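> Below, each chain spelled out in residue letters.
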Amino acid sequence: MDRETLNNIFRLALKQAAVASAAIALIAALFLAGYYLTGQQGNIKDSPALEALKAKLDKYPDHENLLREFREKDLKERAAFFRKSVILEQGKNIFIVFLLLALLALRFERALTGRIPEVKKGSETVYRAGGAGINNSLAAAAVTGLVLLGLLGVFAVLGARKMGFEAAAAGNEKEIDLSSSWNSFRGPAGSGLVKEGNYAGEWDLKTGKNILWKTALSARSYSSPVVYKDNLFLTGSEGKVLKVLCYDAVKGSCKWASSVMVPVKLEDIEIMSEDAGGAGYAAPTPVTDGEHVFALFATDHLVCFDLKGKQLWVKYFGKTENTYGLSSSPVLWKKNIIVQLDLGGEGLSKIAALDKKSGKTVWETKRPDGASWGTPIIIEHNGKNEIITTGPEQVIAYDPETGKELWRVKCLAGEISTSAVYGGGVVVVIDVGSVSTVTAITPGGFGEVTKTKIAWSMQEENQAINTPVTDGKILVVAMNSLITGQDIKTGKTLWKLALEDDFWASPSLVNGTVYIPSQQGKVYTVSYGGKLIKTMDMGEKCSASPAFAGGRIFIRSEKNLVCIGNK
Amino acid sequence: MKINYKRLFIASIFLCLALGAVFAEYKFPPPEFESNYSLPVMQRPPARAEILAYLDIFILLAVILLSAWASLKKRSRNIIMLLSLFSLLYFGFYKEGCICPIGAVQDAALALSSPGYYMPFTAVLIFIIPLAASLFAGRAYCGGACPHGALQDLLLIKELKIPRWLDRSLSLFAYIYLGLAVLFAVTGSTFLICKYDPFVPFFRLTGPFSMLVTGGIFLVLSLFIGRPYCRFICPYGALLKPLSLVSRNKVTVTPDKCIVCRLCEDSCPFGAINKPEKPEKRNIKKGALPAILFISGLLAGVILGNYTGAFCSAYNKEVGLAVEIHAYYEEGPGPGGISDEVKVYLDSGESPELLFTRAEALKNKFKKGGSLLGLWIMFVLGLQLLYASRKPKREIYEPDGARCLSCGRCFMDCPVERQEQLKRDGQRNVK
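Those sequence lines, one after another, are chains Z and H.
Taking my numbering, I'd label the letters of the first sequence as residues 1 to 567.
Taking my numbering, I'd label the letters of the second sequence as residues 1 to 431.
Hints were generated in silico from the structure; no laboratory data involved.
Any given hint could turn out to be false.
Which residues of chain H face chain Z? A partial, calculated answer using Cβ under 7 Å [said to hold, decoys possible]:
#1 308
#2 345
#3 349
The model shown is predicted, which means the values in this text are computed figures rather than measured ones.
For every residue, glycine included, the Cβ atom is placed at its ideal position computed from N, Cα and C.
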């Protein structure tokens, strides 16, 4: 068979294929149009029948037959809608595929028909008209330029008009009031102290007493919830996927769950998991300023989301050698976010302030080598603001504006997981070991002030790994199987309450009552005088500190988030 | 019976457009469960496995190299067509047109301007590889590896010639579109190129109505005009043009000396073959006027662009919401009630001043970006005027360094090429 015959056969086949495909596409299109216009429809959104039934149901909510009729109708409408959707989807696919096939077959048929061009008459070189041609192009470019300028002018006139909101926005840099929210680890001042609000003193998960809602959590971590208005923020990890989640604080439904996008391979970063005894990927508690939520992860990433779950920026601080994984939470200071990164290893540890809008470093100060897990607090003492940090061997204070070190006290031993607490004019810190040393320090001064600034210290043969709470009069320390109350001025033990339990979460002092979740899945309430008031069973370990906002208590247990309030 | 199947096809395409409503999203409330059933949280689909993402890069690189080899060395239109077909199937229908270098322009712009936007390394490679290739092999990517180009190229049935002056003027819009796409990307507003991509709905067999309409229009245009999107709209093409202009290797019509037979004159459907030119001597008065006009144009671009940026900001969701919320507080709900967005915002309990402040900041960002956009438009226009007024001396037919899409159509029209082909065939037969 010669080439031309073969060519003809191909052309014929392509032509037939084009016609056949076009016919199928046309039939599909006609069927789709017909079915779309006449086919059975499912109308759930605006169905008058359903609306009428719903109105009747609102009037007679206990009418069983009416309810059944409504459900049947609703199901029927939904089934019809999805049936129609499937048919339209398949018909549409057939239509598009065969339309493209028809066009392509026709295109190839044309390609095979292509003839070899012949030399034109007068085959001498014909130059492109230099003068006239260039003038045409120039004129066209000039006209295009004028058209573009005109268009820019029209849009500029339209754009020059005010949109209305400008005046309302001008100069509006006022700070958001966070006093009624629980925006960071242990509340706005990191104190765990609640002075007002009506909070439930008892609840029961089994009977539902005072349980407003309970939601199962897919993301795991030891971090605590934070609350701003109706938004509750959590961090967690699903494997190595880092997550920031937002729940409706009123209803308990998940508003958004965003995976953190990071510029490094998370597969290459190994963090000791919770099961292996580590802090996991997401132990630091997030912080919100009412416009953004900031979350730090053990992978050394600080990430900023807006309140709709959109990631705005991410900052990577470099490799970590923190054995158990970072758990220090970020804190908010004016326009900055402050992070304490005691990363272990040599020369890795630092404290830094980042601009909350851009994520750019405002200041950064090196810290002593070694790892620690406490969260810094920012206090105001004698009219001066200080960042108080706990870490390897010492407590160090910094100026929050510049990051410059102010003073240090060498009074800590062991692996420090506790944060400082401030009240009654002293900063109280606890070291971690089989014997806990509680030390009260009077803030202020410069350089090493170990010998001059320790107000008092006491020891207890027990281990505390959480942070105490104080109202400026009494200091409550929750240790392994023991809760104590100390006079904050003198350190004198006022009361002791022995409990066969262990506490990783920090205690909170709510209108004079201590709330403390435990490792055995209980929440204890203890009176100001050291008496056990109630024990509530949460059913599973509670390692996160609770949040208190708007009369609701939010407790994160191992796999659930529970909201408690007076019903 | 003789069927006029061309009309049939065109009628089918318009029917396709008419059926656009089929693609519209239909949203309705979920069932009201009485049990404790909780609706699952919407999860994002997992990203493409990393190994597959790198495989895509490898395939892209291989196709570009093959396309460059086919257009520069082998000089085979058939190989380029086969590569196009493969790219259409793989990058188009299998990969559903995403991520492609055209859209990656926006990722790159946003990643460079926003510290929070993370552009995967594979996306960076997808953006850079065709650009780098154009420095050595011209627009080999456009020739064989771009599914958008392939679809248009394969649909060209009856070519209509576009006058050179119109072609050159329309091609300016690609630069404007590039500027607008970057402006909307860096302000975090939207990915304009992806939103109005005309071919992705066909690759995915689904898409919103707006995309389908633009797709339908470009499909119809592609039947008669060679690659209309590539020539007049494609923002990535706008980046490739200047790079391929300085490409180390360029496509030639003839494998040997051009005999100026004029056979290739009409072979290029993209108007990319430059004819011989013998400019007449012109007496142009030298002076500072062109420079003054150029600088004035740039300044006008900056000023007008600033306000144009403010106009564009209205298309940002946050700014749009601020306008709506402000109107709501000033005038109350309109006759049609309040929109869902306003309702959701009011429910959030956020102070509107915060929204207005954010919107104002965004508007200012748009204004600054608009100034740069205006500057960019005027700069490109100035270059176009300069290009149009130059006086090249050319004795042979040769592809335009910037506009040639490396499709290889002109090869087969060249008698020198055909002679070479016959020689090669003869040698093969002797062997």
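> With reference to the structure, classify each hint as holding or not holding.
Cross-check of the supplied hints:
| no. | hint | in the structure |
| --- | --- | --- |
| 1 | 308 | holds, 4 Å |
| 2 | 345 | violated, 10 Å |
| 3 | 349 | holds, 5 Å |
Violated hint: 2 only; the structure is consistent with all others.
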